[in-house]
Amino acid sequence: MAEYALKTPLTDEDVEKLRIGDSVRLTGVIYTARDAAHKRMIEALDRGEPLPFDIRGSLVYYVGPSPTQPGRVIGSAGPTTAYRMDPYAPRLMEIGMKGMIAKGKRNDAVKEAMKKHKVVYLGATGGAAALIAKCVKKCDVIAYEDLGPEAVRRLEVEDMPLVVVTDCHGGDLYIEGRKKYEVK
Amino acid sequence: MRTVKAEEVTEALAKVAVHANYDIGEEMLRAFDEALAAEKSEAGKEVIRQIQENARIARQECVPYCQDTGFAVVFAEIGQEVHVEGNLTDAINAGIRKAYTEGYLRKSILDDPIRRKNTGDNTPAVIHYEVVPGDRIRLTFGAKGGGSENMSRQAMLKPADGLEGVKRFVLQTVSEGGANACPPLVIGVGIGGTFEKSCILAKKAAMRSPYHRNPDPFYAALEDELKESLNKLGIGPMGYGGTVTVLGVNIETYPCHLVALPVAVNVNCHADRHGEVEI
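Residue numbers (numbering that gives the first Met the number 0), protein chains in the order written: chain A, 0 to 183; chain B, 0 to 278.
The hints are simulated quantities; they were obtained by calculation from the structure and are not laboratory data.
With a cut-off of at most 16 Å between alpha-carbon atoms, the simulated EDC-like pairs for lysine to aspartate or glutamate come out as follows:
#1 A:Lys6 <-> A:Asp158
#2 A:Lys6 <-> A:Glu157
#3 B:Lys39 <-> A:Glu181
#4 A:Lys179 <-> B:Glu41
#5 A:Lys38 <-> A:Asp85
#6 A:Lys178 <-> B:Glu175
#7 A:Lys136 <-> A:Asp158
#8 A:Lys114 <-> A:Glu93
#9 A:Lys133 <-> B:Glu52
#10 B:Lys4 <-> B:Glu80
#11 B:Lys116 <-> A:Asp34
#12 B:Lys106 <-> A:Glu144
#13 A:Lys178 <-> B:Glu41
#14 A:Lys115 <-> A:Glu12
#15 B:Lys226 <-> B:Glu33
#16 B:Lys106 <-> B:Asp120
#17 B:Lys231 <-> B:Glu175
#18 A:Lys183 <-> B:Glu227
#19 A:Lys16 <-> A:Asp171
#20 B:Lys14 <-> B:Glu101
#21 B:Lys166 <-> B:Asp223
#22 A:Lys115 <-> A:Glu15
#23 B:Lys106 <-> A:Asp145
#24 B:Lys226 <-> A:Glu181
#25 A:Lys137 <-> A:Asp158
#26 A:Lys133 <-> B:Glu60
#27 A:Lys117 <-> A:Glu12
#28 A:Lys137 <-> A:Glu155
#29 B:Lys116 <-> A:Glu144
#30 B:Lys196 <-> B:Glu129
#31 A:Lys114 <-> A:Asp11
#32 B:Lys4 <-> B:Glu84
#33 B:Lys231 <-> A:Glu181
#34 B:Lys44 <-> A:Asp21
#35 A:Lys117 <-> A:Asp13
#36 B:Lys116 <-> A:Asp145
#37 A:Lys114 <-> A:Asp13
Using the sequences provided together with the hints, build the complete structure.
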């Protein structure tokens, strides 16, 4: 299991070298979106409208932070469970999204699309929301402000601690990792 | 008859709710230490170290441990010799409103399951009232995260399924949904009662410390056995594979109908945030 320091935006080469179980420290710009924001982005695409940010090479973080306390950059900001975004994710991969950051298993359609479009799925530790917030150096709401915690935010992150949980070669840590430790 | 003002309930509950969201508590910290010592996988150990560091930051800096500060669940034991001046349900909801607004906690509650508009203050709480002897009010607060709640299950087993059926159902529930629920988990199991009673028992059990033990040695042994079996599933911290999938299993039971064997499994994440106050 290798360790990588990655910078955004991601390229195909960045994604291809990653294997499940690898540790990643991510630095750069990422965008937040979860259930309601994904629905709106897909509706925008259906109408032929642009997305609120440049999707090419981007990483989307599935998170709805807690409110920002005075003097802080962002509230606590751990990942939400990814499967709820499965219906939307392949569409965003088609137009250039290179990575997703969240927690929990993905369905086969998402994993197939990840292989086809060379996309990586990075796991953040669920519940470690105060720790992850420390990696966020800047936070701006850039779209759908009315969605509150679900609004789309542009985050500048530094050394965000992540693990490759699904790679673009078909590897799935939720399956392979468990196999190693399951006692039948 | 002792009189308690509704505002006292509001203030006391608000304090407990904010504190529970910032400070995971000594017992959970002890459970994390033990989990780190027991975990065999490197990825799993790294997750537990992050969880420990997260707990330290949240506590020291007074920020929420998890961004999902949960559905406010309140078990309210009301002494039958207490008179509450004012509306108790309103007072409890006012406490939650105060905690979630002033404590910078996330508001995750929608006014209607289909039309889905945020209520803006995380109310209403889910309140379970129980009338008990005495002149005290005991409130047990839990901030129940949505992700782990979604992985919870209930089954109306056949009496013939028996103890083995209960064990199978608990294992199946965690095997299928555990990885998505932010393990290491605290598992609440409710056995018996009616359909809804089993779920309430499971909730009560899931909101406890993993060190709580059922007073009946038969069920205490079952708690230990289930913990051991669940940790053999291999799911591990965050589902990355490992030997610590659950920190503890708590069982609550109730008498049941002769044709029934209800069992409910309420899954709680490592952010088992709870607190109590007596008024």
